[in-house]
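**Student:** The task is to assemble the complex, starting from two chains supplied on their own in separate frames and drawing on the hints.
From first to last, the protein sequence lines are chains D and U.
Under my numbering, the first residue of the first sequence is numbered 86, with each subsequent residue one higher.
Under my numbering, the first residue of the second sequence is numbered 32, with each subsequent residue one higher.
Please keep in mind that the hints were generated in silico from the structure rather than gathered at the bench.
Warning: the hint list may mix true and false statements.
What the hints assert, rightly or not - Now the stretches of chain U that chain D is said to cover, found in silico as 3 or more residues with beta-carbon under 8 Å:
id : stretch
1  : 141-148
2  : 262-272
3  : 281-287
4  : 304-315
5  : 318-328
Claimed, not checked - Derived pair list, reagent style DSSO-like, types lysine-lysine, alpha-carbon separation capped at 27 Å:
id : chain 1 : residue 1 : chain 2 : residue 2
6  : D       : 205       : D       : 241
7  : U       : 322       : U       : 275
8  : D       : 205       : D       : 154
9  : D       : 174       : D       : 205
10 : D       : 174       : U       : 307
11 : D       : 154       : D       : 246
12 : D       : 205       : D       : 153
13 : U       : 275       : U       : 307
14 : U       : 275       : D       : 174
15 : U       : 322       : D       : 174
16 : D       : 153       : D       : 174
17 : D       : 205       : D       : 191
18 : D       : 153       : D       : 241
19 : D       : 246       : D       : 205
20 : D       : 241       : D       : 191
21 : U       : 275       : D       : 205
22 : U       : 275       : D       : 153
23 : D       : 154       : U       : 275
We treat Cβ as the ideally placed atom computed from N, Cα and C, and that holds for glycine.
Each chain, written out:
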Amino acid sequence: MEFSPPNAELDAMHVLTTQTAKDRLREAPLFQASSVPQILSDPPSMDHLDALEAQSIYILREAFARLKKLALLWSLGKDSNVMIWLARKAFFGRVPFPAMHVDTGKKFPEMYAFRDTYGKEWGLDLRIEPCPPIDAVDPTLPPAARSAARKTEGLKMALAKHGFDGLIAGIRRDEEATRAKERVFSPRGLEGGWDVRDQPPEFWDHFNASPPPGAHLRIHPILHWTEADIWAYTRRENIPIIPLYLAKDGKRYRSLGDADITFPVTSHAANIDEILAELEQTKVPERAGRALDHETEDAFERLRVAGYL
Amino acid sequence: MNMIVTNPVSTTPNGTTRPQVRIVIVGHVDHGKSTLVGRLLHETGSLPEGKLEMLKAVSARRGMPFEWSFLLDALQTERDQGITIDTTQIRFRTGSRDIVLIDAPGHAEFLRNMITGASQADGAVLIIDALEGVRDQTRRHGYLLHLLGIKQVAVVVNKMDRVEFSRARFDEISAEISSHLTGLGVTPSAIIPISARDGDGVAVCTPRIGWYDGPTVVEALDALEPAWPLEALALRLPVQAIYKFDDRRIVAGRIESGHLAAGDEIVIMPAGKIAKIRTVESWPVTPLAGKHGAGRSVGITLDRELFIERGDIVAHAGQSPRDTRRLRARIFWLHEKPLARGDRILVRLGTREARASVVAIEKAIDPGALSNAENSAIARNHVGEIDISLAQPIAADAYADNPRTGRLVIEVNGRIAGGGLVLSVDAGQRAVPVDIVPVESALRPDERSARYRHNGAVVWLTGLPASGKSTLARALERRLFSRGGSPILLDGDTLRAGLNGDLGFSAEDRAENIRRLAEMAAHLARNGHIAIVAAVSPSREDRAAARRIADRLFREVYVATPAEICEQRDPKGHYAKARAGALASFTGINNEYQPPLQSELTLDTSARSVADATEAIEGMLGKTGVLFDELVDLAANI
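Chain U extracted, bound-state conformation (with noise of 0.2 Å):
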């Protein structure tokens, strides 16, 4: 004999105007989800032929009062400990969907399956007993929901056979989970009184709750929404592995949100690289027209060999993640040690993994408690905010923009041990890893801008060789020391000589040399100076990851002076060299040079004069909020 309930209606699978919803029934271990699933099983017509007799035999023989749980207990396990261990997934249908159960473990032991249950759902029904009321794993899975991004949720009141049916009790139990929901950002859809025994308010309001005119549990669960994928959000294509099985370089990977088609411009992030797809390909048909939305399992192939791996994120240009080594985030915690600060984590997010360390924590709480006392550690089935720096840098939403890349899983010796959503992403505020302490100027940056009267700024003055960028930087310092600011010239040749001595003209060294430039100027323009840049930077991706690096202090010049005026200058006699063959990659005969599309402000020094471009600088950096306006200083002065 097997006490089974397998798929017993099976669903509509193709061409359906039959939406499927899929459930999760939670709450307090005892408080009744396996006699409901049973009941709604009857109601709904769902059980196969002779399984109900057969139960209540089995029930005879045992010497046991038939129970509506029994139909759940397919474990002989189970029936030993009297407890649901685990998610089973049951199917039935109300009036208008296709209900997919799943009925997860209400014992606090088991919370993970609860988790790794109602995690698969769309909605959820929390189930108090009325004669309990409410109780710590009531609060704590509704707590989860919230965390799950579970917003749909029917709350059932059980038991109320056990209570007389009274409307009183009912309405004290509605008022204290409608506040502990509301608190969280849950509204439920339903509070149901029900007898799940007896069936009352299950598929019928029986008159024993004649007081109550809302709809039933069938009614309630025939009113859920499906999931719908995100194709409405931006574009955000984690990388699973690039496929190179045959000519093509197949970057493979699951839409999570958005869509993409071929011809599309994309960047992959983190580091910030820029592509077209050239195709979409597929099997047996490719490659694929049109436009792939989300949900979809793709492979692509981009139009230039870029160093690509699994854990990047493709995105359209212009609405990428950020990019981050720190991230704050709302987590559960699931391991038997508590979660502190200090702890080495792995993160995933997305099909990225990363290790990293727990660097703060706070609201540490016990979610079924009545009290909030706060905790420095997150206990086993405890939830809190923290703050994760990251070994590397990675690309990430914050929860709000993004439900698919704003969440994350931590994992602790190969295991899952946690998860949560991303409140913040800090691209500002780069890694600091435990073992370093930062020590920050004793100087704070109004002290600075008021003797300088400026804010800190990165100037970036990018164009050919011999466009006339150092001759302007030169300028520029001279100018902006005169009115007494702080400017500093970075040159990158000066700095080829020091810093950079280690670097060549590969594409990954120029890379670098940009990087630690940007890194450098940023540092000086958080304290107060201005950075002045001089440095060809012929890649586009490099200075956008300059302009990431300095964020909001980044000032683009592009010195755009006609190629052969530069040639015809020719100060360090480069351009000869080259067109001799002496220069390999020499950025203007052998090197493109790809000249921005944003700058703050484009300079033909073949047109103007040296004092005049300059002063265009200053214009500019006044406009920008970096320079302080003389008439207003004067006017704050009198």
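Here chain D stands alone, though its shape is the one from the complex (with noise of 0.2 Å):
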């Protein structure tokens, strides 16, 4: 192992003259060009789904294989029904461990009659667990992060019941910039509290499982996937969806919450292809429609390291 820059003459990288830098960038070898190019022979046979499917999978499969008790959580929304459908795939048809739905009692209608048709359809084991009254949170969060904090609590609680090491959820990077900061495996304090600035470090898929006794983890299967993503998949594994999501009078919801908190966007979208054409184009972030995002330039944050999802 050579340590010391040795001395040697030196081509200068930049001068790049008789073709264009790209030209000669584009025909730099293999070897040169890419992190695992001598053993290229075809292009691969997996597209982009694919590789998210497999990934996702993968890491239910770890979780599984390494806690001692999961639960799922079930929020009912388009990415919580995706993370379902990779478990069945992950273990051949059947979700092995508990899918709970921290229910606020303020969802849509249309929520709960999905839950309660799916719910049966695909074998859950379905917890539903309740949320403390409004005044048990913190009467400093504005309205609707405090209204959001409720399901937090609703979520503390149902821990200590079941006393699950892992919790199983349905994030995104790309949703919003805390979550973008969030590990696979995701350990928690003791009082469900996330501390970014002490994340263990993660790589090549190997993950940190051991919570300390009291403690536990989240575990994010879809957490680099996109909004586009999503609904890619839904659509090409006929997953089925609220039609919610769906532009009814000129509006759809883009991201499902508390019905009191929640609000469509302008959108003519009336199925996945639509929206995933209007994704192409807007510039409105995933969860404009969430007020409780929006309150103040912490909020979210502060209700992340609290425990929110």
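**Tutor:** Set out below in structure tokens:
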């Protein structure tokens, strides 16, 4: 191993004179231009969605192998429905841990109907856990955040009740910037809190899966997916969706939460193809209709530190 | 107000012709990573509507001049500290690529976050402040790119406006960083002078850098290649779990390299068990036909019931990884407590976790420092080469042979503390726990071989009971001794009376019986003797294990006397007893004998005399370099 810089005659790398630099770079031998080059033969047999699916299945199986008592958080939205689908793929049709719905009691009727139908049809071990009354929640939070924080409290109660050491959650990096900083296996403190400053290293698909006694891990199998990926996969796999995502009278929901703090966006996308076309064009963030994100600059961050998803 | 860059441009998920490339921007703290990212988002038209105006307004409200880096300062905590503390992912497009940009912190304290971010990248941009030049984090990050296996690296020399766009200064920095990276085996694809703040060199070459005619940053990003699955390498399927949800017994895992299909002959490492893939299972449609390549998460069923566990690696027969208890690795270390010789660690390789100890540390250095002073322990954020002794055998490859099963992470107290590349896998050298001090013989192998006129070897005679193994073994022993050699007979039945007295005839006990025979024979052979093993050893798998133990010293002789003749001979009366039902699991009657496929020699004792057969073995030993040629020997003495 060579540590000291050898006094080699330096080819001034930037002097790319006779051709355009781009041409030169493209013509560079593969062994210089790619990290896994020598062994390249054919294009990969997997497409983008296959790769996302395989990665998520790997994560779900790691969670199941390494944790003792798992539950999957089913919020009934498009992301967690994809996640359940992936779990059925990972475990050959059967989800081998409970699906938990932490119920604020304020979801849209369409969401409850969806839960009752597919909870049965998918053979889920469904656990419905209540949230405490609003008075039990930090009164210094802005109104919508306070309402959403009820869910965090409900989650803590459910955790205490069942003693889960791993919770599988369908958050994605592209949804929101604090989520972008998440690990795939994310340790939570004893109080369920998230210490963004002291996250363990995580690389090469090796995960930190040893929560200290009493604490738990969040596992994020679709962290690397985007909103468009979710829809493209939902279309490909023909996964059922809640109709609220499709436009009616010029409006649709991009993200579903509590009925009183979630608002539709202007849209004419009446099917998934149209949603995907719309996402190609839009510059409006996905959670624009989620009031709790926008009350103060750091509302969402504070919620997450406290244990919100 | 939320100062957050959400995903402004969606990716093209399916059927796309636009490759997605993940890049990381690394470099010393304050050399301008966040500014470059902000500028890139702007130049590629990736910012949400009104975002720039909103940020400018927020800056005004805070009484600060606008900075491009504000775009990335998503967390309150970061704004307070003025440093990026974790990785953020942002997407944008260049001419022909969808770029996923992973911002990684430059602050030394957050190296673990830089590694977390950079480990997901296909390529990297290393940023250097033109005024400050190459600094310790620049060198350290360059080194880590090498250890993370990232070979596509573009260098940008930022803040050229601060050095009046001096070509001389740029050349000076280019020379220094090129030589550092080249020394690590990383060739930069471009070195680009830029001013991220003003935009020079980011998307356009402005007149201020008119002397530069290489690519802009956007062009360099556009030339990056995405990572490709390792389909062309040998099959490696680390086992994640065995599922028995219904009547199927499914071996689940992700194919890290190569491909598989139903019907493939496989070997399960490190045990070396052999089986065939019966089906490839899936859901909702199952079973699946055809080839399944690297990157896929699959489930397979096998044609036989074998003990398989999480951590095993499924490979194709003949192309398996090595089984070993000893590895040499080049690692980076992230734990507060330095890694020292004798430390107990947990090694994760593929899906295997194994307890281990560090038996040696070499080349422990600070990759950020200019000097290369070596230390005895590997400090936090430093690198080094270590020898690892594992408590149990594991399957592994050298990184040069397989990047996936040739890398490992190290865990301390349940937390990932380091990681690195497997430099070599030592199959010959067995486990040496640190509290055992093996004593080597005072004699060198060549001293013995000079006296015995042969090298050490294990001659393994396998065949049905009464096929003539013991007779041949005794004759061979006599013959070798007569010519001055040092043969030693290890008869399976004789050893069962003592050393292996605790073992019965179940498959597990037979395997252990063979393992002990092989270990003892290999020990003798390594000390220059010729160990002659006479053992039925009916299982091909067990014999394969024996061959791995003795390695290149192993010579297999198949005593292929026909079964009817063996039964006629029956010198010990075993066949008669077994026929009468008095002997369960007797090979030849109730138990299957699996003949060797590639033995060094095959002999039918019904067709030739003992002397003739012994001579054949001797001939084989001569040809395979065990016995020294008499004539050559004679000539050497004249």
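**Student:** Look at each hint and say if it fits the structure.
**Tutor:** We went through each hint and held it up to the structure:
1. 141-148: holds (count 4)
2. 262-272: holds (count 5)
3. 281-287: Our answer is that it holds, as 4 residues pass the Cβ test (under 8 Å) against chain D, meeting three.
4. 304-315: holds (count 4)
5. 318-328: holds (count 6)
6. D:205 <-> D:241: This hinted pair holds, its Cα atoms lying about 26 Å apart.
7. U:322 <-> U:275: OK: residue 322 (chain U) and residue 275 (chain U) at ~24 Å, within 27 Å.
8. D:205 <-> D:154: holds, 22 Å
9. D:174 <-> D:205: holds, 17 Å
10. D:174 <-> U:307: holds, 23 Å
11. D:154 <-> D:246: holds, 12 Å
12. D:205 <-> D:153: Distance of about 25 Å is within 27 Å: holds.
13. U:275 <-> U:307: Since the Cα atoms of residue 275 (chain U) and residue 307 (chain U) sit roughly 19 Å apart, the hinted pair holds (cutoff 27 Å).
14. U:275 <-> D:174: holds, 15 Å
15. U:322 <-> D:174: holds, 18 Å
16. D:153 <-> D:174: Measuring from Cα to Cα gives roughly 20 Å; hence the hint holds.
17. D:205 <-> D:191: holds, 22 Å
18. D:153 <-> D:241: holds, 18 Å
19. D:246 <-> D:205: holds, 23 Å
20. D:241 <-> D:191: Holds - the C-alpha atoms of residue 191 (chain D) and residue 241 (chain D) are around 18 Å apart, at most 27 Å.
21. U:275 <-> D:205: holds, 22 Å
22. U:275 <-> D:153: Satisfied, since the Cα-Cα distance of roughly 17 Å is no more than 27 Å.
23. D:154 <-> U:275: Holds. Residue 154 (chain D) to residue 275 (chain U) sits at ~18 Å (cutoff 27 Å).
When the structure is compared with the earlier hints, no violation turns up for any of them.
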